[in-house]
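Protein chains in written order, with full-length UniProt numbering: chain A, 1 to 356; chain B, 1 to 356.
The hints are simulated quantities; they were obtained by calculation from the structure and are not laboratory data.
A few of these clues could be false.
Just so you know, same-sequence chains aren't split out, so a pair can sit in one copy or run between any two.
[Unchecked claim] With a Cα cut of at most 30 Å, we get these calculated DSS-like pairs of lysine-lysine:
no., residue 1, residue 2
1, Lys97, Lys215
2, Lys178, Lys291
3, Lys97, Lys213
4, Lys104, Lys215
There are 2 protein chains.
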Amino acid sequence: MSLTKDYTLNIEKINTSRIGQVDFKNLVFGTTFTDHMFECDYKNGAWQNPTIRPYGPLSIYPSSKVLHYGQAVFEGMKAYKDEKGSIFLFRPLENLKRINISSKRLAIPEFPEELFFEALETLLKMDKAWAQTGVGNSLYIRPFVIANENCVSASPSNEYKFMIIISPVSAYYSGELKVVIAEQYSRSADGGVGFAKAAGNYAAQFYPTNLAKEKGFQQVIWTDSNSHKYLEEAGTMNVFFRINDTLITAPTSDRILDGVTRKSVIALAERDGIKVDVRKLTVTELVEAAKDGSLKEIFGSGTAAVISFVNGFSYKNTLYNLPKIENSYAKRFKKELMDIQYNLAADPFEWRHKVV
Amino acid sequence: MSLTKDYTLNIEKINTSRIGQVDFKNLVFGTTFTDHMFECDYKNGAWQNPTIRPYGPLSIYPSSKVLHYGQAVFEGMKAYKDEKGSIFLFRPLENLKRINISSKRLAIPEFPEELFFEALETLLKMDKAWAQTGVGNSLYIRPFVIANENCVSASPSNEYKFMIIISPVSAYYSGELKVVIAEQYSRSADGGVGFAKAAGNYAAQFYPTNLAKEKGFQQVIWTDSNSHKYLEEAGTMNVFFRINDTLITAPTSDRILDGVTRKSVIALAERDGIKVDVRKLTVTELVEAAKDGSLKEIFGSGTAAVISFVNGFSYKNTLYNLPKIENSYAKRFKKELMDIQYNLAADPFEWRHKVV
Ligand SMILES: Cc1ncc(COP(=O)(O)O)c(C=O)c1O
Ligand SMILES: Cc1ncc(COP(=O)(O)O)c(C=O)c1O
Chain A
1 MSLTKDYTLN IEKINTSRIG QVDFKNLVFG TTFTDHMFEC DYKNGAWQNP TIRPYGPLSI
61 YPSSKVLHYG QAVFEGMKAY KDEKGSIFLF RPLENLKRIN ISSKRLAIPE FPEELFFEAL
121 ETLLKMDKAW AQTGVGNSLY IRPFVIANEN CVSASPSNEY KFMIIISPVS AYYSGELKVV
181 IAEQYSRSAD GGVGFAKAAG NYAAQFYPTN LAKEKGFQQV IWTDSNSHKY LEEAGTMNVF
241 FRINDTLITA PTSDRILDGV TRKSVIALAE RDGIKVDVRK LTVTELVEAA KDGSLKEIFG
301 SGTAAVISFV NGFSYKNTLY NLPKIENSYA KRFKKELMDI QYNLAADPFE WRHKVV
Chain B
1 MSLTKDYTLN IEKINTSRIG QVDFKNLVFG TTFTDHMFEC DYKNGAWQNP TIRPYGPLSI
61 YPSSKVLHYG QAVFEGMKAY KDEKGSIFLF RPLENLKRIN ISSKRLAIPE FPEELFFEAL
121 ETLLKMDKAW AQTGVGNSLY IRPFVIANEN CVSASPSNEY KFMIIISPVS AYYSGELKVV
181 IAEQYSRSAD GGVGFAKAAG NYAAQFYPTN LAKEKGFQQV IWTDSNSHKY LEEAGTMNVF
241 FRINDTLITA PTSDRILDGV TRKSVIALAE RDGIKVDVRK LTVTELVEAA KDGSLKEIFG
301 SGTAAVISFV NGFSYKNTLY NLPKIENSYA KRFKKELMDI QYNLAADPFE WRHKVV
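From just these sequences and the hints, can you work out the full model?
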């Protein structure tokens with residue numbers, strides 16, 4: 001995690017903002033980017049030349065390692081604007097810690113905390129006009145690291161680029177999801193990289209997810225690759241099951257991402273006096289609970305959609321539908337989380353991080 | 001696998017070759033590239049605009065999917081020059097088939113065979129001066145596909161780029177390897193992407209391989225992620241074990257790459273009357289065989305090094321050294337393979353593919 005000690009953050013501002021050309025009413029997730037981006041290079045054993053400059057293309061050689069060996073990690077976080085125009089991050093230190101955990105597993109040098117916050121906050125202040133008020137609107141922030149030594153041999157890169165890009169996104173209601181429980185394909189192995197936000201973990205899920213989509217489902221809930229008996233997580237969200245009034249979610253492991261939203265839901269549930277069992281849940285238990293009516297809710301937790309409502313799942317070609325319920329935990333946590341994120345409620349856990 | 005039917009291969013030649021600046025006596029693997037490269041874009045459901053142009057950087061947006069989700073696959077193959085200046089590929093159809101198998105698993109559109117061969121052969125003819133004669137010298141060919149839609153949502157890209165880049169490489173003798181048998185980390189999961197040359201598979205191995213290197217070993221031999229009982233393959237090569245006079249190699253599976261060199265070794269062994277058992281070999285059997293002296297050889301097979309000699313392995317912190325032997329199978333296959341590759345022997349299997 002070495003860094004030339006006396007760095008200065010270089011800043012190159014845009015001449016004219018592109019913000020006037022953006023139709024904020026019709027944003028497609030992750031396709032529009034703010035005026036500036038941050039980049040910092042790792043060379044000769046140190047992070048150097050941290051720079052905020054206009055968002056634009058990179059010049060990358062075809063032999064750059066990231067294109068061949070997937071040596072890349074990323075994070076996903078959001079900034080929220082309240083009615084007064086202040087901007088807040090949500091538990092951002094968790095994302096910095098996690099990108100460094102991911103980096104370590106991918107043999108990528110860790111990034112210094114202080115520079116991360118200086119860069120991110122400077123960038124957010126510069127591009128704050130891109131954050132729209134209104135609950136649901138936010139800036140989706142994508143820090144990522146890519147290996148960019150130009151060499152096609154399968155070994156760790158000697159050079160990296162750390163970047164932060166920012167995309168304005170609107171509130172979206174994805175509808176209620178129907179999911180498939182994985183029986184054949186897997187997301188990650190014991191002793192593998194499933195706990196990291198490693199680039200390759202995501203591409204590996206596309207094909208099985210496409211197969212699910214062809215059958216009318218939106219996502220896959222992954223099971224352990226050894227036995228396909230235990231419920232783990234979905235593509236970009238952790239998963240909670242409510243059986244009677246108990247909330248159950250898988251323990252994190254080397255196969256499961258330690259989601260910030262997941263931890264926050266657990267903390268809120270505990271505060272609210274809702275029983276949470278962090279334990280392995282078998283598919284058999286789930287099916288039994290669906291059959292006898294004790295399965296009340298399934299929901300996903302993740303930065304992008306906060307909470308996603310699952311109203312049915314398929315297992316061994318049988319579809320199990322969940323009944324509509326009163327007093328949904330999922331709805332409750334969604335509101336509680338968003339109220340904290342948008343500065344509409346007290347923040348007893350000190351999760352909000354004010355930027356400006 | 002759609003392609004605008006009446007395509008023409010566009011060709012933009014370099015003005016001045018860089019070949020004069022290259023020190024062919026001191027090539028570092030995978031860092032020097034020939035004058036030209038091939039690229040072809042996938043857009044609106046079809047491969048289009050196939051072009052050979054001067055090797056050089058690409059303009060890639062920071063939001064390009066390959067940088068975030070590892071949606072990329074590659075191949076590794078070689079071209080060999082004989083003493084008369086003819087250039088040969090080795091079983092190239094196997095690589096084209098395999099990149100398409102990899103692509104399918106990564107939700108990437110397959111690439112048309114005819115265009116692949118036209119592009120590759122044209123490129124090799126244009127850059128044939130870069131192929132040096134002399135057994136061991138070759139052109140390392142890297143076809144690869146990257147997802148390049150500009151969107152940071154974790155779903156398959158709608159746009160791709162297929163490329164071929166070529167690197168002149170010299171004969172290298174990596175020395176004899178000492179390897180570690182994996183006990184904790186894994187390369188791939190059942191139901192995962194281990195059988196594909198998916199970018200992310202490689203980055204996932206870097207950290208555990210670094211741990212092995214710190215202890216003085218060069219590579220890891222992976223075991224199955226479920227039990228770590230069965231020997232599978234190494235980072236970029238399949239592995240053979242000779243116990244007494246029988247050659248044993250793991251069956252391919254969804255965790256193991258179907259190596260072209262592996263298949264070729266099996267075919268040569270069968271021709272030569274050497275018994276090959278394609279079966280699961282347990283670590284326990286290996287250790288027993290090392291102890292009772294029936295373990296004669298371990299070697300890796302792969303395009304880059306052809307055959308790599310392994311003279312020791314570590315398991316549960318015990319180092320097992322292999323004795324020097326006469327009549328090494330590894331040496332024999334290395335010579336037989338290279339004789340065919342360099343047009344120094346008959347080619348009964350029709351593995352050579354003459355380019356020019
Ligand atoms: C695999 C995976 N699981 C879970 C999550 C949810 O994590 P978080 O709540 O930190 O966004 C994500 C998304 O970041 C993810 O990629
Ligand atoms: C994981 C893996 N196994 C085995 C091999 C050997 O395959 P081949 O003999 O086709 O080069 C490679 C290299 O291509 C590889 O990447």
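Verification of the hints:
no. : hint            : verdict
1   : Lys97 x Lys215  : between (38 Å within a copy, 28 Å between copies)
2   : Lys178 x Lys291 : within (17 Å within a copy, 55 Å between copies)
3   : Lys97 x Lys213  : between (34 Å within a copy, 26 Å between copies)
4   : Lys104 x Lys215 : between (38 Å within a copy, 18 Å between copies)
When each numbered hint is compared with the structure, no violation occurs for any of them.
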